[in-house]
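Colleague: Starting from the known structure of chain A, fit chains B, C, D, E and F onto it as the hints suggest.
Chains as they are written, first to last, in this note's numbering: chain A, 2 to 235; chain B, 2 to 235; chain C, 6 to 473; chain D, 1396 to 1668; chain E, 1396 to 1668; chain F, 7 to 539.
Incorrect hints may have been included.
[To be verified] Taking lysine-lysine pairs in the PhoX-like style, the calculated list, with each CA pair at most 20 angstroms apart, reads:
1. C/K467 / D/K1515
2. E/K1509 / D/K1509
3. F/K434 / C/K179
4. F/K40 / C/K371
5. F/K352 / E/K1477
6. F/K352 / C/K179
7. E/K1515 / E/K1534
8. C/K366 / F/K40
9. A/K151 / A/K90
10. E/K1433 / E/K1477
11. C/K371 / F/K30
12. F/K354 / C/K467
13. F/K352 / E/K1433
[Unchecked claim] Residues from chain D shown here face chain B by an in silico Cβ test under 8 angstroms; the list is partial:
14. A1601
15. K1602
16. E1605
17. A1627
18. T1647
Everything labelled a hint here was simulated from the structure, so no lab data went into it.
We put the beta carbon where it would ideally sit given N, CA and C, even for glycine.
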Amino acid sequence: MPDHIVTAFTDELEHLSANLLRMGGLAESMIMDASRAVATFDLELARDVIKRDRSIDELEVEAERAIIRLIALRHPMAGDLRAVLGAMKLAGDIERIGDLCKNIAKRCLELNGDENRAAVKGIERMSRAVSHQLQMALDCYLRQDIEAAKTVLDMDDDIDDHYTSLFRETLTYMMEDPRQIGSNTHLIFMAKNLERIGDHATNIAKAVYYMVTGEATTGAKVESRLSGDEGEQR
Amino acid sequence: MPDHIVTAFTDELEHLSANLLRMGGLAESMIMDASRAVATFDLELARDVIKRDRSIDELEVEAERAIIRLIALRHPMAGDLRAVLGAMKLAGDIERIGDLCKNIAKRCLELNGDENRAAVKGIERMSRAVSHQLQMALDCYLRQDIEAAKTVLDMDDDIDDHYTSLFRETLTYMMEDPRQIGSNTHLIFMAKNLERIGDHATNIAKAVYYMVTGEATTGAKVESRLSGDEGEQR
Amino acid sequence: MLETFGHLPVAWLLFAVLAAAAFMAFYVGRTQAVGIARGYTSQLNSQPNYHGYFVAMATIAPAAIILFLYILFGESLVRAQIAGELPERIRALGDLELAQYIDRISEHATRRDALATGNALFDAASDRYTDLVGLSRIAAILLAVLAAAGGFFFGRSRLSGDFRARARVEDGIKFLLFLCAAIAVLTTIGIVASLLFEALRFFSRVNVFSFLFGTEWNAQTGADFGAIPLFFGTFLIAFLAMLVAAPIGLFSAIYLSEYASPRVRSIVKPILELLAGIPTVVYGFFALQFVAPIVRASATWINGLPFIPDGFLAAQPTSALAAGLVMGIMIIPFVSSLSDDVINAVPQTLRDGAYAMGATKSETVKQVVMPAALPGVIAALLLAVSRAIGETMIVVMAAGQRAQITPDPTADLTTITVQIVALLTGDTEFDSAKTLSAFALGFVLFIVTLIFNLIALRVVKKYREKYE
Amino acid sequence: MDGNMEHFTQTKSSARADTASAPIKVDCQNIDVYYGDKQAIEDISLQIEDRSVTAFIGPSGCGKSTFLRCINRMNDTIESAKVTGKIFMDGANINDPAIDPVLLRSRVGMVFQKPNPFPKSIYDNIAYGPRIHGLASGKAEMDEVVENSLRKAGLWEEVKDRLLAPGTGLSGGQQQRLCIARAIAVSPEVILMDEPCSALDPIATAKIEELIDELRERYCIVIVTHSMQQAARVSQKTAFFHLGKLIEYGDTERIFTNPEHGRTQDYITGRFG
Amino acid sequence: MDGNMEHFTQTKSSARADTASAPIKVDCQNIDVYYGDKQAIEDISLQIEDRSVTAFIGPSGCGKSTFLRCINRMNDTIESAKVTGKIFMDGANINDPAIDPVLLRSRVGMVFQKPNPFPKSIYDNIAYGPRIHGLASGKAEMDEVVENSLRKAGLWEEVKDRLLAPGTGLSGGQQQRLCIARAIAVSPEVILMDEPCSALDPIATAKIEELIDELRERYCIVIVTHSMQQAARVSQKTAFFHLGKLIEYGDTERIFTNPEHGRTQDYITGRFG
Amino acid sequence: MNSPSEGAANTGSFVTEEALRRLKKRHGAEARFKLYGQLAIGIAIVALVTLLISIFGQASSAFSRHVLSYDLNIEASYVDPERTRDPDTIARNVSGFNLMLQDQLADEFLSEDADRNIQRELYGMFTRLAVLPIARATADSPQTIGSEQTFNVALADDIDLFLKGGVSARKSVAVGVVAAGEGSVEDGITLTLASLDAVEKLRATLTELTRTDVDNAPAVALMKAGNTWYRLEESEGRSLSLTYLAGPRMLPSNGAAIEALVLAQSQENRTVTDRQIAWTEILRAQGRIKSKLNTTLFTNSDSTYPELAGTAAAIVGSLLTMLVTAMLAIPVGIFAAVYLEEFAPKNKLTSLIEVNINNLAAVPSIVFGLLGAAVFINFMGLPRSVPLVGGLVLGLLVLPTVIIASRAALTAVPPSIRTAALGVGASKTQSVFHHVLPLAAPGIMTGAIIGMARALGETAPLLLIGMVAFVAEVPDGPMDESTVLPVLIYKWSTGAERAWEPQTAAAIIVLLVFLVLMNLIAIILRRRFERRW
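Bound-form chain A, shown alone:
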C-alpha cells in the first residue's frame, strides 16, 4: 500500500506495529525462558521472566496510548482503522501472554525441583509448540499474510491435544503420588497457561485476518477456541 500523504501518519502506524512486534518478541522469549526455567529448575531465570513482564506491560500501555492517540487525532479509516483496532486486540493478547508467562515463572518458584520429569518434558514440548505458534502469528502480522494466519488457526488444535494429554498424564501422576499433588497442580496450571497462550496466539492470527480482510474468521470454529479449554474435558 502506498504511504499516506501525511507521512507522520504512516510513521505512527509503523511505530505502533514495530512496538507490537517488539512486545511479541518479548513474549516469545518469555515463553521459552519460562519453560526453560521449569525444565532446568532455574529460579534466577524464572525471576528474570517475572521481571520482564513489567516491560511488556509498559509497552502495552504505550501501545494503547498510541492507539487512542491515533484514533483521536488521525481518524483512521478503512484499512487503517482495522489496523489500529486490530493492534488494540493484539496488544491485549500479547500482554495477556506476558502475564501468563509470568504466572508460569511464578509457579516455577513454587516447585521443588523433583517433579515428574515426564510432565516437565511435556510442558517444555508444549511451550515450544506454543512459542512457534506465537512466532508464526507475529510473522503473519508482520507480513499481513492471511494464508499464514489460517495455518496458525489450525495449529491450535495440536496445542489443545498437547494440553489434554498433559492434563491427563499429570492427573495420573497426582493419583500415583499424592505428595506431589501441590507441584503437579502447578504443572497443570502451567499447561493450562500455555494452552491459553496458544489461544491468544490464535486470537492474534484472527486479528490479522480481520485487519487484512475486514472480515471476522468464520464463526463457530473460532468461537469454540475463544472459549478456550474444552480439550481437557474430553
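Modeller: Below, chains B, C, D, E and F alone, put in the same frame as chain A:
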C-alpha cells in the same frame, strides 16, 4: 451531559451501552446459575448456562461491530471516544466472563455429585461475591460513578483471599482423598475461573474509571491485579 | 538679459533642472545609505532606494512649493509693482480701468512680435513690465534653487541606519495622493460657490419667487424671468425620453443578462454601448435633421385626419417630441447597462434556487431576480432621469426656443439647459441680469439633479452592500 | 472503460446485496455528461434508494456535482452541457425530451452549496414554490404548507415569530435550513444537496446533518460532500467518484471500514497522491 | 471575566506542565481586541512554543482569526480595530508603537484562507519579499533563496521547470504551497496560517498538512482552523476559543481525548448547540 | 411542448392534466416575456442604424467636391498691379485674383453686352474665396505670372449640390429631332419637332414632376440642342417656344437632336438658376468639371462658405483641449482614486468625498460650463475660447469618471493580493504601487480613455466658455483662440444654407472616427490585459 446535535449519535452511543448492560446482566445471571448448578449438581442448569454463552458472544460481536461503526462513521472525540473505547474493553471483559461461566458449567458436567461439600460451598460463596462485584461494576458503568468503581477495585482483594483459601483447602482434600483428585482439580479450576471473573469485573471498573476521568487507575496496584492470580502463591 | 528671461519658455527649462536635481539627489542619498549599511543593506531600516527617494523629495518639494506660489502670485506682484510705478494720472483712473490698462500692457509685453506703439508712456511701461517679469522669474528660480539646496542638505543630514526613510517617503506620497483627492472636492465647492454666488447676485435683482413661480420667460430682452415654462419643458422632454428609454433599456438588460447566448450578448452589448458613446451633438443633429421633420410630417398628417380639429397639433419644425424621442434613444444604454450591472449582481445562486424549485426563466426573472434588483433598477432610472434633465445639446438643437406651457409634444418648447446656452453663448458681460439668470437656472438644475443623484446613489450603495 | 464497466457491474451487484429490500427511487443508466468537448461524466450507472441518504464523495473535479445535477436536469441551464443516458424515476425516464424540467424540478428539490434564500420574507421564500406550482389554493392552505415545511426543516420554533422578516437576515445555518424548507414546500420526492455545509461552521453543519437524518424518513436524499467524515456521518450509501467515473458504490459502513476498491481505500485513508 | 481568568491560569499552568521544556516563542499577555465598540477578544494570555504547531479552534466568530492577526499586527490594517495588551517575541513587545509592523511582518509570515499568489511568475512570487527587504544582493543569491524556499515548501520538484510561469496557473493546493514558500522566503521565525486548507479538497489539504508537519522542525507555526480534525492531525498544542475568550489551552492529544473544560468537550464532541 | 397523449405514454406521473394546463400558460408567459426583450433590443438597434445611415447618407456628398478645371491666364495687371512680386502682397490680393477669374469667365461665357444680373449669375458659380488657393500658388511661384496655368477652382456649394443630384428633382428626356425652327436667339425661338410622341413624353414628364402639394409651381424643362441651352416656355402640339440660356448663340439646325432636362422646381424655388445649370451642363459636357476628394474638409479651417469650410482648426483645437484635459484628469484622477480606495481612513469625511465624487459624475455637463465661465473666465480672468480653459473644464468634468473607473479597477483587484503583500512585510504603499496599481492599470487606462472619449464629444460646457467663436486659424498652442470638433458640428448644423447639412454630417463622421479609434484602443486594452484572479 447534553445530547449531541446529531441525535442519531447519542442514540447509537446509548444503544451501545444498553447492549453492554444487557450483556453484563446475562453474565451476572450466568455466574449465579453456574455456581448454583455446581452446588445443586443441576446438570440441566449447567447445560443452560453453556447455551447462554452463545448469546453473550453474539451480543459482543454486535457491540464490537457497533463500536467499529461508531469510530469509522462518527469519529467520536474526547469523552465519546473514551466511552467507545471503554465499551470495547467492557465488551471483551464481559464476553470473557461469559466464557469463564461456561467453563464452570462445563466442569460441572464433569463432576460426579459427591464432591467435598465444603469446597462446593466455598465455590458458591465465592461466586456470590464475584457476582456482587460484577453487579457493582456494571452499576458504576451505568451511573458513570468513579467512587463506586474504586470500591469495586477494593473488593477484588476479598475475592483473591477467597480463592487462595479455597485453593489450599481443595489441595488438602485432594491429598486426603486422591480419588477425588480429578473432581477437585475441576473445583480448583472453577475457583480460578471465579477469581478471573473477579479480575474482569475489576477491569470493568477500571474501564469505567478511564471513561469518566480519561486517566488510567494508578499504576502498580492495578497492574498486579491485571496479572491476576498471585493470590494462590501465598 | 532680463528681457530674454521675460520671454524664454522658462517653465520647461526649470522642469529639466528640477528633474536633474531630483536624479542627483536620489543618487547621492542612495549611495550614502549603501555606505552606512556597509554592504548589509538588509540591516537598514529602509532600503537604500528609499533613502534616495527621501533626499530627492526633500530637494524638490520646497522648490516646487516656491514655484507654485510664484505661478499663483508672481503676476499679481508684478502688476502691483507696475501699478505703483505708473504716473499719478493713470493711477487715478480707478481700479477697473487701471486693471484694464495693465491688462493691455501685459498683453503687449508678452506678445512676441510686439512693435513699439509710439505711445512713449505705454511702451516704457511695457518694457518695464517685461523686465519685471524677467526679474521676478530670476528671483523665483534663485529662491527655488536655494530651497532645493537647503532641502538637499537637510535630507542628507537625516540619513542613518535607523532612519525610517521609507515611512517618510510614503508620507510624502500619501500627501500628494490626498491633494489629488481634494481636487475633486474643490470642484464641487467651486461649482456650488460659483453658482450660488452668481445666483445670489441674480436674486438681488430678481425676486426668487417670481423666478421660481413666474410663467413668463423673456430673458433675452431682460424683461421676464419666470422659469416655470422652462421647468415644464425640461420635465416634459425628460418624461418623453424616459417613456422611450425605460422599457427598452430595461427589457434589453433583462434579455441580455438572462436570455441571450454569450455570442448574442457579445455582439449586442457593444452595440448598445455604441449608443452611449455617440456625442450628444450628433444626436442633436439627428433629431434636427431626421426626427423633427418626421414628427412634423406625422403631426401634419394627424391634423389632416377627419374629426381632428385644424391645428390640433402644433407641428413645429422643432419639437419636444423630437428631442424627447432622440434623448430617449440616447438614454437607453444608460438604463440598460446600469440595469444589466444590477441584474448581474444578483447572485447566480438565487437563480439556481428558483430553477431548482421548478420556476421557468421568466418567473425567475420576474419574481426573484427583479425584486432583488429592483432598488438598483430604480436607481438606474433615477440616474437616467437626472441625465435627461441635464442633457443640453439635443434640446438646444431640436427642442426649440419658445418658453411656453403646452401639453402638445409637437410644439417647440424650451428647457433650462437651452436657456443657459442661449444666455451665455458668445461674448457676455457678467454683470447683466440676463447673464446672471443663466447661473440661477444652473443652480436650479444643479440642485434638482443633485437630489435625484443623491437618492439614486444611496439606493445603489445600499443595494451593493446587500450583495457584497 | 471496459475495466470500469466490469468493476461497476460487480459493485452494483454488491450494493444490491448490501440492502436487498430497499426500494429503488432513482435508477441512472449509463450517464455521460459532456461540457463542450470535455467529458465530465463517463458512463455512470447507479441506483439510488428511497428513504435513505446517498452520499457522493471524491476529489474535486471528479464529477460528483455534475452527476448530481443530472438528477433534476439542472445541467440544462448550462449552455454547453450535454447529458446522455437514462435516468428513471418511478419508471419514467426524466431525460426524455417530453419531460418538462420545470415539472421535474418540482419533484426533485435541490439545496446548494451557499445558502441562497430569495431576498424576500421567510414566508414568501417558502411560499414561492407552492405558488408557482399552484399547490395551495388559499391563504389558509398556504399558511399550513409554510408551517409544515418549516417544521420539517426544524426551523419553525426559531422563526415562527418573524415569518415576515427577510430570509437573508437569518444566520448561515438557518438560511440553509430555510432553503431546505423551501425545497420541501413543493413536496418533492427526492432532495439533492450540493455540499450543503461547505459554507457553514461545525455547529451549523451538525444541525444540518441532524436535519438530513430526520428527513431521511420521508425523502430520498442525495448529498454531494467534500468531507468524507460528513458522508460517513449522514449517509447510508456512499458512492466514490474519480475522474468522472464511479469507482465504488455501497453501504457507507462498508465503504468506510472495508472498501473493495484500492482507489477508494487510498482516498479514504488519505493516501491519494 | 473573573471565572475565566481563574480558569485560564489553571489551564496555563497545566499547559506548561504538559511539555515543560519547550522554549516559548510568542508570549501574549492580556490581549483585548475591539472592533469599534465591539470587543472581539477578551483578555487572552497564551504562550506559544517554538518549533511546534499550535492550533486555534472554536466556533465561527469566536475570535480565533482575530487573535491570530494580532501576532503580526495585521489588525493594524483594519481601521476600526484596536488591540491592547502585550505580545512578547524574543523579549520585545511587538505591540510597542516603536516596532514597525512592516518589519515585524517580515519576521512573522502569514498564509491566508484562500491561496493568494501574486499574478506574477512563480519566481517573482517568491522573490518579492526578499527583494523589498534587501535579503539577496544579486541574481545568483536570489535564485538560491527562491530554490530553497520552494524546496522547503515541497514545491521545487513540481515547478522547477516552469519558474517563469504565472503562479496563478498552479492548482489550488500548489498555490497554497507557493504562498507558504513565499512566506518562508523572507526567513520568518513564526508562520501564521489562517484556515490555510479551507478552500482545498481533502487531497490538497493532506499535502499542506504534511508540509506543516515538516516545517514544524524549523518554525513556530500557529494555525487557525475550522476543522477540529485538522487541528487534531497537525498540531501539538491546541487552544479552544469561545466568544472571544480562551477556554482551554493545552496539548492537542489531551484536548481531544480528555479536555478539562466542559465547553471544550461539548464543542469537540458535537454537543454545542 | 409535448402533447399529453404522447406524454402519458412515457412520462408516467410527471404529467397530469392540471399540471399541463398550468404549464401551457406558464410557457406562454415565458415566450411573451422573451419577445419583449427581443423587441426592445431590436428597437435600440434600429434606432442606432437609422441614426448612422441618416448621417452617413448626408455626409457622403460632402466628402467629394466638384471643381472646375480652368486654364487661367495669370495676368500681372490683376494679381500684382504694383509689380512688387512680393508673395505676401500677391497672396493677400484675393480680389485681384477674383476679378481676373470673373473677367476670364465672362470672356468665355458671356456676350459683351450681358447684363449685370447674368454676370452675377455667372460669378455666383464660384465663391469669392475660391481663388485663394490660386493666389497662394501664384505667390509661391511668382514666375508663373503672365503665363497660363491650369487650376482646379472650387464650384459654389449650390452648384456642387446640383451636380451631386441635389437642389431639385430632375429627369432627362430625349425629345427627338428638330423638323423646323424659326426665330432668333434674342427674341425667342420656336421649334417644330419631328415626333409628336416625343413631345408628349416631355409634357408627361413635366406633369409628372410638377408637385401640386407644396409650392404649386409647375416643373420646368431646359432644352439642349448641340451645345446650346434653351428654356422651354410653352409647348403646343409639336412646336416648342424656347428662350436662349447659354452656349453658342445659334439656332439648332434641322435634324439636330433635342434633349430636355426637366426640373421639378422652377428657378424661383431653388438656389441654382436655369442659366447656371446650363453653364454647368456645358462645362460638364466639356469634361472640365471633376469630382475630387474634398480635402478642404481636413485642411481648411472654418469659413463662412460651406465649400471652403474645414475641420483642421477644430481638430487641432480638440487635440490641444484633450491634451490639457488628459494632463489634468488622468494623473489627478488615478491618484485620487488610489488615495480613496487604498489610503483614506474610513470616516465621515471620506464618505462625504465619495458621495461627492459619485454625485459629481452625474452632474449635468452644462453645470461644468457654468463653473468654467464663472471661475476660470470671470474670476481668474483667463481668456475665452482657449483650449486651456476648455481643457480645464473638461478635465474637471471627466475627473470623476476617471476616478470612478480607476476605483472600480482598484476594487477589482482582490483584497487577497493586498494582504498577501502585507503578509510578506511590504508596506501599504509598496503593496499598492508594486501589486495593486499594476494589476489595475489596464482597467484604469480603459477608464481614462473612455473618459477622454466623453470629453472629446462634449459640447455644452464649451459653448459657455466661448469656444463657439469663429476661428479661421489653426491654433498654435493652448492659449490660442480655437474651437473643437463637436462645437464646430453644432455651429455648422445651425448654418442657414442647405450645403451646411452634408458638411455637418461629414464633420460628425470625422468626430466619430476619432471616438471609434479611442474606443478601439480601450477595447484592445481591455481584451489584452483582461485578467482573472
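Colleague: For which of the previously enumerated hints does the structure constitute a violation, in increasing order of number?
Modeller: none
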